[in-house]
Amino acid sequence: MSEHRYADLPEAVKKGQTGGYAQADFVCSGSNGHGMLFTMVLPFHNHRAYVRRLLRPSRRAFFRALRNVAKEIERDGLKVNVLLLDNDILFIDEKRIAAIFGCTVYYTAAYAGRQKGAVENLNRLVRRFYAKGTDFSKVSEAEVRLLQWKLTHYPRPSDNYAQFLPFPA
1 MSEHRYADLP EAVKKGQTGG YAQADFVCSG SNGHGMLFTM VLPFHNHRAY VRRLLRPSRR
61 AFFRALRNVA KEIERDGLKV NVLLLDNDIL FIDEKRIAAI FGCTVYYTAA YAGRQKGAVE
121 NLNRLVRRFY AKGTDFSKVS EAEVRLLQWK LTHYPRPSDN YAQFLPFPA
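Here this note's numbering is used: position 93 in the sequence shown is 93, and no number is missing along the way.
Read the hints as simulated data drawn from the structure, not as lab findings.
Some hints could be false.
[Unchecked claim] Restricting the straight-line Cα-Cα distance to at most 30 Å, the calculated cross-link-like pairs of lysine-lysine (DSS-like) are:
id, residue 1, residue 2
1, K150, K71
2, K15, K150
3, K150, K138
4, K132, K150
5, K71, K95
6, K138, K71
7, K71, K14
8, K14, K95
9, K138, K14
10, K71, K15
11, K79, K150
12, K15, K95
13, K79, K15
14, K79, K95
15, K14, K79
Take the sequences, apply the hints, and build the full model.
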């Protein structure tokens, strides 16, 4: 496993003073379904979200999805310099992941979801659209793309958040 831990993450990254920071995780179908979603968010680029469906949790499927996301990020004109992951077994090949993005990979502490809060919040939003137990192997690619668009454009607290409040601030 990596020597790059969350505690080693540069302060400029933690405070949002630098771009190119991303967090990634998985949303699993649950006991009733198959498949999973790979989710990635760039919190300091207006919470740009990327979602890919994995029909089964395999390294091959994961790396295919990861390369696909890396190409889309490049097409969007963005760059990932720092990637924060948890200790999931699919995230174990740090060198290969770092090579795909050309970035430094950091890992959170065990059971410390708060260290990658942006992607955990993104996954919570996924559950607004797909309940636990959803069989993601039956969700179409078009639905995944629509979900990605919805997650990217979901209103979040920001400087202009007042426009989303139900009453005058």
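Verification of the supplied hints:
| no. | hint | in the structure |
| --- | --- | --- |
| 1 | K150 x K71 | 20 Å, holds |
| 2 | K15 x K150 | 26 Å, holds |
| 3 | K150 x K138 | 19 Å, holds |
| 4 | K132 x K150 | 19 Å, holds |
| 5 | K71 x K95 | 18 Å, holds |
| 6 | K138 x K71 | 25 Å, holds |
| 7 | K71 x K14 | 25 Å, holds |
| 8 | K14 x K95 | 22 Å, holds |
| 9 | K138 x K14 | 37 Å, violated |
| 10 | K71 x K15 | 27 Å, holds |
| 11 | K79 x K150 | 22 Å, holds |
| 12 | K15 x K95 | 26 Å, holds |
| 13 | K79 x K15 | 18 Å, holds |
| 14 | K79 x K95 | 17 Å, holds |
| 15 | K14 x K79 | 17 Å, holds |
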